[in-house]
Amino acid sequence: MEVARYWRTTRQRYQLVGEVCPNCSGKIFPPRDVCPTCEKEAKTPFAFSGVGEVYSYSTVYQAAAGYEKATPYTVAMIRLAEGPLVSAQLTDIDDKDVAIGMPVEMVTRVLREDGDRGMLVYGYKFRPVMV
Amino acid sequence: MMKASRPVGIVGYGSYVPRYRLPAQEVSQLWTDGNSPVPVREKSVNGIDEDVATMSIEAARNALKRSGVEPQDIGAVWVGSESHPYAVKPTSTIVAEAIGATPYTQAADWQFACKAGTEAFQASIGFVAGGMTRYAMAIGMDAAQGRPGDALEYTAGAGGAAFLVGAADEAIAEVEASLSFVTDTPDFWRRQYEKFPEHAGRFTGEPAYFHHVTSAASKLMSEMGLTSKDFDYFVCHQPNAKFPLKAGEELGFSRDQMKAGMLVNDIGNTYAGSCMIGLTAIMDIAKPGERILVTSFGSGAGSDAFSIRMLRASEPRGAISTRAYVERRKVIDYAMYTRLKGYYKLN
Ligand SMILES: [Zn+2]
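Chains as they are written, first to last, in this note's numbering: chain A, 1 to 131; chain B, 1001 to 1347.
What the hints contain is simulated information worked out from the structure, not anything from laboratory work.
Lysine to aspartate or glutamate pairs mimicking EDC-like chemistry, simulated, CA-CA at most 16 Å apart:
#1 B:Lys1345 with A:Glu68
#2 B:Lys1259 with B:Glu1249
#3 B:Lys1341 with A:Glu113
Could you build the full structure based on these sequences and the hints that come with them?
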């Protein structure tokens, strides 16, 4: 990942910070500055709770470059409690135990590393809720 | 003895232990055909996507939940570890960013083998008491490495704890006093660019661990005019199951006083996190008025001792208890351990 892009997206990746629409109160993730519902400008930051549930999922056996160490792993669409759908890896779960509707929570993890000399890329994943 | 000029305490705390457990018997089986006695039952192992930064973030988030403090009011985020993910690039800025404490905050990484966390905690007390900041976050966290087949491989675990320090009048527990005891003792070290640490075998016992732990703890008690009878709990650094019990016994503590904070058989030696996560397990159950003696040990060598008094029972407020992390466990075999540790060369 390019350093400048990594740095610009830190808050959305570490803290799940998106936006809220001042017009219709819709919550937006990832941030895109325009409300997908009413198409008005939406630049107010909004921190999501990190709670959601599995909407759909797929287990990956042939990983993309940089993700080989973790195969097999499950990628899911998560319906956040505040509304938006976000795609992310699941973690701390055996792939056979994943189910649609399963409650999950956001955790910050190492997504990948750019080789032995490159940057460590941190960001959100989701795991089964613990509390 | 060090006593803050203004009463300071723990306004929030949180812990983290990864999900995976390697039974010590697996290590013994592979390297000694099962003939080596095991120093702990099992140890915690971090997942492939976990390191000291991610584990510190989760512990700090738990500490924030318990405290109800706004992250922007935190004036220092300090992470003590001997397994910082980068050789150069602070862990503390990653943690500070993730918990929302940036940009107007102090951030630093601390090192002193296994007592890096308690020295950050001790400095936080001074930082807050001196009025430099309202709150300081001190973290002790490790994802420890042991050379394959070495004695340390049985015990080197992963996990730790975060403490949010603030004024005593809003705290769960007050830090009554502390004391630091250090000497230049080469019992354990890791040179620059080396992957695994070296240790001085049997020398790590008497002149290193026992001398520093008992000296720090007994001096703090005598300076406070207290004895082991005045404490409800004792927790110290736990490199294996035997050492802390022996040190505690020498200091006059019963097994009952030591039980609540003893996690080493369940999670192994979490290095900079060891006595700190033991303290979180105690604070999860301790009652108002109860007193806790905490003593760390870091090779090289030194011990920090703290007398902590509970002011009120802690409320989780959505934070995950240390017991819940300890009980969340997936047992792995040595092959999976090797994979999680990244010892296989894939390309
Ligand atoms: Zn809108």
